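Top line first, the protein sequences correspond to chains G and U. Numbers 1 to 594, taken from the UniProt record's numbering, label the letters of the first sequence in order. Numbers 1 to 594, taken from the UniProt record's numbering, label the letters of the second sequence in order.
Since the hints were made in silico from the structure, they are not lab data. Fair warning: this is a prediction, and the values are worked out from it, not measured in the lab. Think of the CB as a built atom: it goes at the ideal place given N, C-alpha and C, for glycine as much as any other residue. Misleading hints may appear alongside valid ones.
[To be verified] Simulated coverage check for chain U against chain G, where a stretch passes if three residues somewhere in it have a Cβ under 8 angstroms from a Cβ of chain G: (1) 255 to 264; (2) 422 to 433; (3) 441 to 454; (4) 506 to 517; (5) 550 to 563; (6) 579 to 585.
There are 2 protein chains.
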Amino acid sequence: MADYRAPRDDMDFVLHDVFNVAADWQQTEELAEMMDVETASAILDEAAKVAENLIAPLSREADEQGVSFADGVVTTPDGYKENFRQLAEGGWVGVTANPDFGGMGLPKSLSAQYEEMLCSADIAFSLYSGLTSGAIMALDLHGSDELKSHYLPKMASGEWTGSMCLTEPHAGTDLGIIKTKATPNHDDSYSITGTKIFITGGEHDLVDNIVHLVLAKLPDAPAGTKGISLFLVPKVLSDSNGNLTEPNSLSCGSIEHKMGIHASATCVMNFDGAKGWLVGEPHRGLPAMFTMMNYERLGVGIQGLGAAERSYQNALEYAKDRTQGRGAKATRNESAEADSILVHGDVRRMLLTMKAMNEGGRAFSTWVGQQLDRAKYASDAQQQQRADAMVALLTPVAKAFLTDTGLESTIHGQQVFGGHGYVREWGQEQLVRDTRIAQIYEGTNGIQALDLLGRKVCGSGGKLLQPFTAEIEDFIEQIAPHKEWTKQRAQLKQALESLNGVSAEVLDKAAADENIINSVAVEYLHLLGYVAYAYLWLRMAVVAEEKQAERPYLATKIKTAKFYYARILPRIHSLVASIKDGSESLYLHDQDDF
Amino acid sequence: MADYRAPRDDMDFVLHDVFNVAADWQQTEELAEMMDVETASAILDEAAKVAENLIAPLSREADEQGVSFADGVVTTPDGYKENFRQLAEGGWVGVTANPDFGGMGLPKSLSAQYEEMLCSADIAFSLYSGLTSGAIMALDLHGSDELKSHYLPKMASGEWTGSMCLTEPHAGTDLGIIKTKATPNHDDSYSITGTKIFITGGEHDLVDNIVHLVLAKLPDAPAGTKGISLFLVPKVLSDSNGNLTEPNSLSCGSIEHKMGIHASATCVMNFDGAKGWLVGEPHRGLPAMFTMMNYERLGVGIQGLGAAERSYQNALEYAKDRTQGRGAKATRNESAEADSILVHGDVRRMLLTMKAMNEGGRAFSTWVGQQLDRAKYASDAQQQQRADAMVALLTPVAKAFLTDTGLESTIHGQQVFGGHGYVREWGQEQLVRDTRIAQIYEGTNGIQALDLLGRKVCGSGGKLLQPFTAEIEDFIEQIAPHKEWTKQRAQLKQALESLNGVSAEVLDKAAADENIINSVAVEYLHLLGYVAYAYLWLRMAVVAEEKQAERPYLATKIKTAKFYYARILPRIHSLVASIKDGSESLYLHDQDDF
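One chain only, chain G, in its complex shape (with noise of 0.2 angstroms):
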């Protein structure tokens, strides 16, 4: 595999040049002193070298050998646990902690980049801290100062991880149907008994203790989800002073055996009467999961592209080393036997197609950073709110749209290598299954698509489209002089007048239809992703052509927004006309027709 490099140049050109974060840096109380564009730089260039020499260099020998079970202990390869030790020294465990606990603290926009940058270096590796940093927040936001105190400072020093417990046997997408128990006991804790599935990093031997976060249902819950709570169940108990005291009451009794994310422990956990403490108020243990939930699913996301930027690079570098065939005449390298395949149209679709959707989706991550920056910090409230709609509206897209196209462009980067890319030696296989997960865990792809078109757009009667719509069309409405843009801009135009008629036809068609919007709503979310896409793709065009005389490797990005309207933007028209079918025939078959 070629050597990761961070694409740093881009990341700055998205977060400065085009979204010009650091302005929104310096309206903020928490983030005007400690954040500015140098410090920023600083840490994302100290957070490139992390991955680029640290991380990156293990993940391919670290999914050969893979995380290993027995008598309920997990070993992970060779290295991870030293590479660990020296992240958690780093503060990268910390990286989006609250201070007050040891946290780095930083906003969504930057730790999205140093997300980003971890993934393209190794995404099994990258769970176990990105895991932690969910229930750093999870914890933060809904723990009681006693909890938030004992446990919050060794999680965000990465001395403890965190993980996740929702899932069980018979219930992964519908939580309201979990068995697991949790019984008050005599002092302020709970006795915590079930079995949870598909936990990562329930259990592994980077760490002495992991801070577990479970769904359980207490003795008089309620049926469905609004009887869910949350508890705090470490592996180890400790005393008052942090001092590991006695092992509690759970264990891993197995492992799953996965198409990819080898060196990813992903467990079965056994709560057997497990001392735990709960986490916010009874039964209300799903929205407290979900507040934080945006935050993680942007992170998913991040996985999608992560590893198709690490696949492009593979792909762009063999391909300029790869001679085979002949290119058109007036290029042909008449002194070798072959061109590079850099030269063949079928090649340039498919590291274009990557290159477009990469640069486009680094844009897109780092804008819902920026949004869900807004939504915590901003001081004016009307720019809160509408921080607030973007997020809800863009965090099912990025989740699902990012890991879609991520796992499209893993598949092209493996294509470019031809019979290479299918032999494990050059990684790009390794790329395309570790990117499948991110498509299922954290509310599949379909449960997202439901919950944009479900709950945001009909849930809210189209108005949390608005912010969204409202913002794009400012745009077409300033860049009118660029006359350059114009085809362009009539596109972009065109595709969000597709957008909004097809939301208000589905909006108009659920009323009477129960079956509509889970029948069109991936391809609602597709849709929404390419729009978006172009919007921040003529949106960066413009700035590059703006600031090219000054940086000249700008007009490439110019190209590369050309390139993604004359060939992306169009696959919009076959999921315009296949959400306009709605759910008719869907429906045509009973079961037995199957």
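With chain G's structure known, arrange chain U on it following the hints.
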């Protein structure tokens, strides 16, 4: 994994009700006596038993175990040797081989069904006999009588297997630059020296001898593809009675560790002055390979179909059993905690996409098989020529479209399982991994597209497209009285017009633009694929309508046809838009811009 059940009803429907292949058989000297509907059914029933009971049950475990390599020896998974022996004894290795040499001599329309079943059961296992079939055909078509009588009976009986040695480390797609050399010995043999890679079944322990067909260059060879000759190089030499004597000077240097088909040995083969015999004319090795390539490429396409069918069966069983969430009010099972996930529109979308593409794919592969049979057997010269043209046009589509859509289907089939689809135990992820290679080997799908649009469509000035479009136009005329299909008929007409339109446009542009063909070829191939399936689906629907009184289950065909037209065919809109864009947007980037 669910037990595999061969879709025998659907195979019979396609073979007899839709394509009436028995009428073709009756008109040919070779087949009239040996084959009729009853015989064909008996053979396929027997094949179904082999696939279901013998091959399929081993595939999961064989994937886990994989092939192993030590000191030049390749060991296949437990049970493979015995299964191969039983396959051979049943006559299945020589299923398409010439009866003069002990083969079964099955027409391709029929053997395509057998191949699909074998691939549903286990793609990796199928390759050992599949490559043997290919080698048998190449030898039968181009070998001397002496070579044929010596080797073919042993190969058709499955006593010996075959391999095809084409690729070298620096030469895959571009075979014109291979380096393997053949120098004449003093007798009629040659000394073959060189290294071949990615050789499927190049070495294994299933049988005692392997007959390698090797591309190499004679000392006086012209440069490029016109200087390649084909040689038969056995693993073990044999006397005139076919008794093995001494090992030849060749060896397996290593095997590849791959994403999938773990139980198939992919070998590096070193020929070190190995004794070989010329097959066909000197320097005419590539054309000799290509005469059997049409059969082989359809066979690879069928791998995609077979895996997708298996994935569908598994996903359907899972979807029926798994309860999660609630369907529309009218369909709820109030006595249970949740409904079968088959009630959800998005699950239906995935399953119906698989079903429509699988049944459409089965019709397509059978149609191409029928054309291959007509090209080989038809006594009417005009019918034969027409079939030749259809085979030339449709073979690259069969290879690439069946595998591209096959991968899509196996991914849907995995997604239906949620997290369980990512876990190895259920087998859904293996089907994704095993299918992925079929898009790469035997000419990548990009190369298939280039063959279709460049060599076939543009190379013939559009003429090769005519029998295809004429057949569909005739059909559109014929079904004018079927008023219930007016809408779909109009859609088919429009789709065909789009295909014709972009074909003319590309042909026109190609005169001045060397890059256009390879810039739009993949989209073009997909467009042609969707149009072909649209034709076949409507053809099936009309037949089903006529016959559903006697066979009520055919009502389902009509529903699935409607689904195809509503949700799948609209994909062509985006493809047409991309093709119309041409090559410009792919060639804005200089090499350093990537």
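Inset, instruction - Return the numbers of the hints above that this structure violates; sort them in rising order. - result: Checked against the structure, no hint fails, so every one of them is satisfied.
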